[in-house]
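> Using the hints, build the complex out of the two chains.
Top line first, the protein sequences correspond to chains A and B.
Numbered by this note's numbering, the letters in the first sequence go through residues 743 to 993 in order.
Numbered by this note's numbering, the letters in the second sequence go through residues 86 to 664 in order.
Source of the hints: derived by calculation from the structure; they are not laboratory data.
No false leads were slipped in.
Derived DEER-like restraints, expressed as beta-carbon distance ranges:
no. : chain 1 : residue 1 : chain 2 : residue 2 : range
1   : A       : Thr-852   : B       : Pro-622   : 50 to 58 Å
2   : A       : Leu-952   : B       : Pro-622   : 39 to 47 Å
3   : A       : Ser-991   : B       : Asn-322   : 20 to 28 Å
4   : A       : Ser-991   : B       : Trp-533   : 57 to 65 Å
5   : A       : Gly-893   : B       : Ala-419   : 51 to 59 Å
Each residue gets a CB set at the ideal place from its N, CA and C atoms; glycine is no exception.
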Amino acid sequence: MTRVSEHVGIERKPKLGGGGPGKIPHHRSYGGGDDGDHGQPDDFLSAQDRLRRYRIGMVVTIIALSTFFAGLTVAYFLRLSVTHWDYDLRRSMRDWRPLALPYTRLFINTLMLLVSSISLELARRGLLAKSEFATMGIAPPRFKVELPWLGITVILGFAFLAGQIMVWNILRQQGIYFSSNTRSGFFYLLTGSHAVHLAGGLLALLWSLLAGSVRMRYESRQIAVTVTAWYWHFMGVLWVFIFALMHFSRG
Amino acid sequence: MQNSAPITIQTSGQNFLRRYIFSTDHKTVGLQYFFLSLTAVLVGMALSLLMRIHIVWPKAALPFLGAIKPENYLAYLTMHGTLMVFFVLSTAPQSGFGNYFLPLQLGTSEMAFPWLNMAAFWITLFSFLVLMAAFFVPGGASLAGWTQYPPLSAIAAAGPGQGRGTDLWLLSIGLFCLASVLGAVNFIMTTLKRRAPGMTLMRMPLPCWAWFVTAVLILLAFSVLLAAAIMLLLDRNAGTSFFVPSGLVVSGAAVDHHGGSPLLWQHLFWFFGHPEVYIAILPGMGMTSHLLSIFSRKPVFGYKAMVGATLGIGALGFSVWGHHMFVSGMSPYAGFAFSTLTTAIAVPSAVKTFNWLGTLWRGRIQFTVPLLFSIGFVSLFISGGLTGPMLAQPALDVYLHDTYFVVAHFHLIMAMAGMFAIFSATYFWFPKMFGRMMSQRLGALHFWITFLGAYAIFMPMHLLGIGGNPRRYSELTGVQYVAAMVPLHKFITVAAIVTIAGQFLFLVNFFWSMFKGAPAGDNPWQCTTLEWRLSSPPPRHGFGDAVPVVKHGPYEYGTPGFSNRAADDFLMQDATANP
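Here chain B stands alone, though its shape is the one from the complex (with noise of 0.2 Å):
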């Protein structure tokens, strides 16, 4: 394109620590972030594998661990759930690759509050650490499960982990969420005070838009959570009775608190909870709208509706938590209340579904790595989502509540579309980020075995679900019909360990490219945003004084002849176009 010469801007000056360690580049933060959120799916994973594996084997022997004890299950349990929903799918969609391509794309070149930006990434650090220091007190990790629910998580006495292992939970939550809101501001702030001439908010990227509006939901969000956190902290350490039950025998002792509402902790815990589900999956959802686009070759089909579903689902999100709670005992009106409005998020959700199939009807599609996950995001998003009108039914949920039929249903939807919108953009920005392409053909077989294991593992789980399988039972021996299902685990177990093993396929992928891969050029994929302008990877001051002036929306593409290079069909934002 004309004036793509990249600016580089010589840093000098400045030593390696404050570089790449205490940088406050917002792109050495987002791969700060980003690596992070590696190392915790790298534990997340291992402990998953650990389940598995004591699911169907409960009394075999693993090399440094010997045989899994039940309260250790509910450790790892509590931590998988814990550091994937945290660490992995919050951090990495939105911190990790928002903080690397928001400025860019928005063409500026750096965060509206780039100190801020550091301080956010060093907290969650250290909550990280706080997290993992749980596997190493006495008593090990708590074992309430990542919703900590009371009086469980409140009462010390109540397990192994429910001491100081409880302790650094809350605590190292209470810091991520400080991190994240203060990382919600600078978000906002740069969407809303930075963007380069000319680009208005309906120019904006889908990507840039789904950060917004997560940054929203994380700063109303996580606030609460917050609040939360410290009252459970004080009903543990300063004798409070927020949440602890009058009359509570725990362990043959009984509790000194009195009056306390257990429902009140789960009332402000998912008043976050379900923001935080769609915190998880709307930077996917961008992404996913985003590559579609790129790879059909097509304009998005309905912009303005993409939008306008994103701001719906962030809305709506924050009425829906009380159908996390149809069995804890609510009044049926409430139920109907919050079961609408569940079964209400089904229309911006069929919207987004319907306009990804219209964006890829009829288009050139280049059947690359990043379009095949993202199109895995769209089967895994439809196969999951199917699940959640079912499961807002309270009449259904009181039969499937609490058993793998939950468990299948926010795995598809949550964990597998979210991990698949992670990678389609680890492998689509590998080489923004790194300057090198990713091999296609590791990649693609890398595809393939997630996303056919993806299904394996957790189709069946309805199966398990409809049958009555309970959640969170550490062994299915001596109950007699749930005994009868292991051979059905013993498959899940199985498919788990193939999709695991593939995953260092991934691994061995993104270091080997980054050393070895072919050199990408500027603008590898031919796209029309604005970080394609800058060389790969992008200077230390992004655009510098060459400011871009957007004259275009950002999903210009399959009309050749537009820009002046005949062979383009693609017209990049701040471009001029033919008269």
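Just chain A, same shape as in the assembly (with noise of 0.2 Å):
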């Protein structure tokens, strides 16, 4: 595939001139992150600049959210370690008791969320190919490249999530609830925190996916795809987190 990013040109602006207080910087330097829109509204800013802002955007919420999921590991970790003094048997008790996940449909759902992630980049990659028409201000094919790719990540995202909902009902069959076991709870919370996340970036492609029939400019859709992208290969990363978290550190 071809790399169009080098036709279409990320314009380098000039590094930082320093400066301080008081200090007039020298004349060429731009300062500034302003991305070029000169405080214009959205509408005027071009493809390129909209795409590195809402870029780096999901950049910084996905340090919140790994934050979220760090704070929710050192709980575990932290969980994984309390004892509790058992006056009847007179010893330190741990509460925290083996748990049989079902590898199989465990593994299952990881080879498609990796799929998924895989059909999404190529789909990303397929809109960046054609932006160059955009750019050039001509209407690009509809759904060429990114339909059949969007379309599968779509189908093995919900796939994911219904895989997922049946790992939680293998479970619950075994009569390990929410409420069973620490381990159990960390489970379900980690592994449906995640599903949620999912879900988030789920409706974002759906949306994309539909939207871009309907009325929504090209590059907005290139953006949108672009940024759910970056979102989804993090849930992946997640995914693949949680489920070494939950077979390595088992207790």
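Below, the structure is given as structure tokens:
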């Protein structure tokens, strides 16, 4: 696949001229974090600049999400080490029972999520390739590249969520509920939070898929798909992390 | 100044609802946050008044409320803390003034994500309403304090407010976390991506630095609180045992949870809670630096050191949460580490204090009301701050923990200093927000009542704390050594009543000036930053097409003759200097 970004060209601003208070900076220095819109409303921004802005916004959001899941992980490890004194048995007890995870189902889900990441990446690159037409003012052909890949991603995303619900059902059939044990509680909490966040990404994908056929500017769709792709890859990494946490630190 | 004709763009085709209610305009959103905080602070202040009255006259029957029961006292205490910390100190300086003035000071006309901004406000408002609803559910509001320590907060049978009231509290705070994180993403993106040409990072006014660092703190801290709140909600409603220990007996009945750790909540909560203190105070610090420079007509002393200290406080703030938990049973090594790191925060704080005094030193000081409140901020920051290193010593903290000494400490440094920063910002930016000046005479009177009142209320509390008066006790009768302190409590209550009465001066001044104040003009305080380029109040689209090009740092004061007009002793950030 050709790298179109070379043609589109991200114009690099000159480096910051330094300054600090009271210093008159070099004449050529541009300074400012403005992405070239000079205070104009969104409609007049170039697509590249908007894309860059939303991408950094997504990175900041991912930092916040990482903190959320890091908090849960720290709680997991702390809770793992908590013991209490049992007066009847006269020894320290740990309330942490083993949990038989349905590995087959989980591996299938993992595979589906990782494949969906690949298909979304293909969709993102397809849209990027066609963005060259948009910058030249040519209306790009509508659903030539991205529709199959986006569609596959959405289907795989729903399949993953369905698979997670099946995993929870399998556990419930074994009589393992949210409140059964702290380990099962953490399992439901972590996988549940992940599923909720993934559902958010799925909504964004559905929106860019459907809105694209209604009245959405091509560039906006490209931005939506790109940003969601970054989010989706993060969700994939997060899922592998949660799975590894559940597998390797069983207590 | 030259080229200062304000740009006005007519807003057409926007109905009332889009313009004033569901507005994506950062100025409207900022004002909405401001008035939300004003509502919250009035409720919180009324609750503190009820508490003060109950402490000294426990049997007094009040109109509409009757006699206050001990559980009511605890509910008021919880709601007072929650409202003040979340909806006032975290909301007004950051979301209120930050939303209004961050884009303007950076020379842009809109936040990076206007829709996200509007969504964040409406979630915050909803969260406020959910919190207020807790007063009206059976059992009333939560009793567990704004820190919501389990197991008290985890078991519905633990008290009248521990049922629906606590659920609502957790739901409200969860929503508040979500809204704050959305707002923080917006602030970070605006600072990074929407500065005017020439506005390098080191040319940003110090409030912008403070808002930026605060947004980073919010991003990291509130996400953790959200995780903790979800876990506590699950403990309460889904039967999990993250925080509830084994063998717990509440109200004579064994609790069906096992193996959880209340300490886990304390760690998660204070990992949020300590940065939260800086979330509340950092914008105030930025404001103070800004105003001291403007009204001394001098550049800020040590701009780079100020930026460094802001970053340093933000970074250190994440490594000291354990000093809230010295009495929870902590390894002495961990206690030592937390104690050392906490004491280390005194270094950037001292840098700031020194620079504030250095800014004032030999300035041509104009004693305007905003400056009075800024000096009050410095005073309260020092008085409240000096007890910080004391409480950071585990050996001392074991004695002083959960006494009025701690109440005095955090009210002086966080609540009072934070309020003084909010007041100074209000008096300072009121002309820009509403186009009219506030009355300086009433403002000065308001300042002296509040300043003396703050010290009269909170200084004696140090003595109460050293005398061993515990926090959160609704009545002092019955215990002899505590009963002996009632006269001092009476003094505090009287001081509180006078101070609260003095706040009506502010309200009267605020609303009267909004309609009847003297017209302000574009730049009444003769400032250099970009928001004073615009008309007062600023037009809907801010700078519009006339994007300012920044050529100078933000604090070019006190050198007459370097602008085209000889009378000016300041140089606007986008003005051309005289060769």
